[in-house]
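Protein chains: 2
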Amino acid sequence: MKIVVLKFGGTSVGSTDRIKKVAKIITSYLPKSYKVIVVTSAMSGVTNELVRKSKEISNNFIAEEYDVLVSAGEQMSCSLISGRLNHLGYKSRSWLGWQVPIFTKGNHASARIKNIYKKNIIKYLKSGGIPIIAGFQGINSSSRVTTIGRGGTDASAIMLARFFKAEKCIIYTDVDGVYTTDPNTIRKAKKIKKISYEEMLEMASSGSKVMQPHSIQDARLNRIDIEVRSSFKKAAGTIITKRKNILSNKIIRGVSFTKNDAKITLVGVKDKPGVAASIFEPLYKNSINVDMVVQNISSNGKETDLTFTIKSDDLSKTEKLIKKNKKINFKKIIVDDKVSKVSIIGVGMITTPGVTYRMFNALAKKNINIIVISTSEIKISVLVSRKDLNKAISILHKEFNLEN
Amino acid sequence: MKIVVLKFGGTSVGSTDRIKKVAKIITSYLPKSYKVIVVTSAMSGVTNELVRKSKEISNNFIAEEYDVLVSAGEQMSCSLISGRLNHLGYKSRSWLGWQVPIFTKGNHASARIKNIYKKNIIKYLKSGGIPIIAGFQGINSSSRVTTIGRGGTDASAIMLARFFKAEKCIIYTDVDGVYTTDPNTIRKAKKIKKISYEEMLEMASSGSKVMQPHSIQDARLNRIDIEVRSSFKKAAGTIITKRKNILSNKIIRGVSFTKNDAKITLVGVKDKPGVAASIFEPLYKNSINVDMVVQNISSNGKETDLTFTIKSDDLSKTEKLIKKNKKINFKKIIVDDKVSKVSIIGVGMITTPGVTYRMFNALAKKNINIIVISTSEIKISVLVSRKDLNKAISILHKEFNLEN
Chain G
1 MKIVVLKFGG TSVGSTDRIK KVAKIITSYL PKSYKVIVVT SAMSGVTNEL VRKSKEISNN
61 FIAEEYDVLV SAGEQMSCSL ISGRLNHLGY KSRSWLGWQV PIFTKGNHAS ARIKNIYKKN
121 IIKYLKSGGI PIIAGFQGIN SSSRVTTIGR GGTDASAIML ARFFKAEKCI IYTDVDGVYT
181 TDPNTIRKAK KIKKISYEEM LEMASSGSKV MQPHSIQDAR LNRIDIEVRS SFKKAAGTII
241 TKRKNILSNK IIRGVSFTKN DAKITLVGVK DKPGVAASIF EPLYKNSINV DMVVQNISSN
301 GKETDLTFTI KSDDLSKTEK LIKKNKKINF KKIIVDDKVS KVSIIGVGMI TTPGVTYRMF
361 NALAKKNINI IVISTSEIKI SVLVSRKDLN KAISILHKEF NLEN
Chain E
405 MKIVVLKFGG TSVGSTDRIK KVAKIITSYL PKSYKVIVVT SAMSGVTNEL VRKSKEISNN
465 FIAEEYDVLV SAGEQMSCSL ISGRLNHLGY KSRSWLGWQV PIFTKGNHAS ARIKNIYKKN
525 IIKYLKSGGI PIIAGFQGIN SSSRVTTIGR GGTDASAIML ARFFKAEKCI IYTDVDGVYT
585 TDPNTIRKAK KIKKISYEEM LEMASSGSKV MQPHSIQDAR LNRIDIEVRS SFKKAAGTII
645 TKRKNILSNK IIRGVSFTKN DAKITLVGVK DKPGVAASIF EPLYKNSINV DMVVQNISSN
705 GKETDLTFTI KSDDLSKTEK LIKKNKKINF KKIIVDDKVS KVSIIGVGMI TTPGVTYRMF
765 NALAKKNINI IVISTSEIKI SVLVSRKDLN KAISILHKEF NLEN
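Protein chains in written order, with our numbering: chain G, 1 to 404; chain E, 405 to 808.
Isolated chain G (complex conformation) (with noise of 0.2 Å):
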């Protein structure tokens, strides 16, 4: 049985019409032979509606009841997508966390998909039924409601793919794919045909918002092809896939960057063990995330400076967090909440020699200061004055070919 995984999320399914829309992408892929898999997220808005209501009825809403709650987004939405193909003449149904049954566990409104039960949905594909699936849900061992804390719905569709050996898992969305750097920033930018796990993993981290990043990690270690591409509009998308699927000799496949970068500079901290941490931990227990971290080794080996970026959102509460942390001692604080990072990514750098001088070569050119550095094995992190941002991704994304 050759089976697809149809995964739509909120846009796709975001009003009757476009959920007219989504049934006939559905019945398109039925002369190609395959058995078809729906599942679908709650029709977009909806589930944000459900999340305030909890929160005027409290504001620590039971964790339990929350999954009760917002799992009835997706009820809503598969019933609606099975009813329409039903209009159509198919033979569908919908069918919940608890019908199938998909079994998670962990915690409620973080729960994971531990197990998926076959027998009912691989009975009803062979009569030839089409199973629309309820995203983001499950059950757990005492048959309450779980919701799926990673990745949301994009998990639910990755993990159909593993459990039903899908030959393809379609990811559709409201951008037609990745793309070598934001389109709507830069004219020039091209759809990536095929990209690795390891590069949209690093993409995702930087600031493209095609699918979760939990999600690809699972596909990664499942080893499924992911196509992400657009219900609104008929094309090719991209393809996740593994490195050694990709035929391409482009050492750099994209260019992604977040804008509003802050950035935090500790002057003569103390450098004893342990310092970081004490710095860190305040940050970490608030929910705020630091980006890139340099330390400089101090001349004395007493003193040192410490530069790392946060969200500028998140400015004003680390700078109060910093002010009153009194296992730190330091001489100056300095902040800079006009910063923006830029990162090349591509798995092509690690065996291509020259490729962090050819990037800070080409900045450096164009008079664009570098504040920042970090590198993984196949990203560099550049942070640079926030006026310089689309000056510095124009160039980067010329430099590594990837107009064309």
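You may find that some hints are simply not true.
Sample of chain E residues facing chain G (criterion: CB under 10 Å; computed from the structure) [said to hold, decoys possible]:
| no. | residue |
| --- | --- |
| 1 | E460 |
| 2 | I461 |
| 3 | F465 |
| 4 | A476 |
| 5 | G477 |
| 6 | M480 |
| 7 | S483 |
| 8 | R488 |
| 9 | R497 |
| 10 | I650 |
| 11 | K769 |
| 12 | N773 |
Facing chain G, a subset of chain E residues (Cβ under 7 Å, in silico) [to be verified]:
| no. | residue |
| --- | --- |
| 13 | K457 |
| 14 | S462 |
| 15 | S486 |
| 16 | N490 |
| 17 | H491 |
| 18 | S498 |
| 19 | S652 |
Derived by calculation from the structure, the hints in this document are not laboratory data. A virtual CB, placed ideally from N, CA and C, is assigned to each residue, including glycine.
With chain G held as given, fit chain E onto it using these hints.
Frame of chain G; chain E shown alone:
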């Protein structure tokens, strides 16, 4: 275990503020050493919105998926109520139809409750929990979601009261009880303390929309006392109970009415067997509800005049159906769409002679012409000109001592 079933209707849970009030009502029963089972409707407007969406998807939305769709409404409201009780420090959880489970029989969208599995809920009650059960929903023998066609959440409440042998079944709604007549029409209308099932049934079918007639009938068959009261103000409501529980010397319990009726008279109908069936069959097939029917015996034994009433809204459709009905012959059709029906209702009339005379005489004294008369064991209805309606209600309300 002294169990009380509390049912909350759509307006009672119509907003998160309302749900907070409902949580307070629920907890008010706990010091009275009751075990409380709550059953709830969807927040007002939610079901209509879901039905609207289903109609946008298909003018003939499949019933199996309709049930999945609309049952999400009660799923949301029951989790919000439970969330609020948890916020207040009480042990509570939501129970969906499949979790209890509540087993239904019959077709989708018009299922009836067949059985309620008690063990899980009893165990939960004994552990000190407050179960909040989603009304209007159950599952069938194929583990598909079903909704209760007749009476909806009222029916759920009565069946819960029956299966759990509840001492009380309290229907919280947006009216504070059953009145001797519509308090918006007649200022002197009084709240009825106790009313028999039979009287309530006649009141309901004559236009007093406090509870679904089917649910009252279910309560009657199962001998379950119901209290109808307001979740908006603190005041005793109306108890619907067995006749023998009612100690009251009132002959008449109330005056009900329907305002927008229409009357059709077919003059000179051929009087042969089956002619009435021929007239009413197409109306029945088009879901037109015929209310009062009067047929005069023909003087020559060959022709007759037949008069019947319908809702004004159905008049033009009915006229068309009659005129194109080839199975019937008549000389003339007379139509009056400015009539209303007034009814007096009371079990007391069974044992008290002269009620009919008193009714007709009271109307006659005020020059109100009676167009059609129809009687049942505990009800007398008369059709009057719509301009006389309010006067007629007022006269009868006074005549039968309902003002005090």
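*Interface hint status, A476 of chain E versus chain G (Cβ within 10 Å)*: holds (4 Å)
*Identify whether the interface hint at N490 of chain E stands, where standing means a beta carbon of chain G within less than 7 Å of its own.*
Check passed: Cβ of N490 of chain E comes within 4 Å of chain G, closer than 7 Å.
_Interface restraint verdict for S486 of chain E against chain G (beta-carbon cut-off 7 Å)_ = holds (5 Å)
*Should the hint that S462 of chain E touches chain G count as held when the rule is a Cβ pair under 7 Å?*
With Cβ-Cβ at 4 Å, under 7 Å, it holds.
*With a cut-off of 10 Å on the beta carbons, see whether R488 of chain E makes it to chain G.*
Cβ of R488 of chain E sits 5 Å from chain G, so the hint holds.
_Would the hint on K769 of chain E be counted as holding, given a Cβ-Cβ threshold of 10 Å to chain G?_
Status violated, d = 57 Å.
_Holds or violated: the hint that N773 of chain E contacts chain G, with Cβ atoms closer than 10 Å._
Violated. Min distance 52 Å.
*For the hint on R497 of chain E, does the least C-beta distance to chain G fall short of 10 Å?*
holds (6 Å)
*Verify the interface restraint on I461 of chain E: the C-beta must sit less than 10 Å from at least one C-beta of chain G.*
holds (5 Å)
_Tell me if the interface restraint on S483 of chain E is satisfied: Cβ within less than 10 Å of some Cβ in chain G._
Given a least distance of 4 Å, the restraint on S483 of chain E holds.
*asked:* Is the interface hint satisfied for I650 of chain E? The criterion is a beta-carbon contact with chain G at less than 10 Å.
replied: violated (41 Å)
*Taking the closest Cβ pair, is G477 of chain E under 10 Å from chain G?*
holds (8 Å)
Of the numbered hints stated above, those contradicted by the structure are hints 10, 11, 12 and 19, listed in ascending order.
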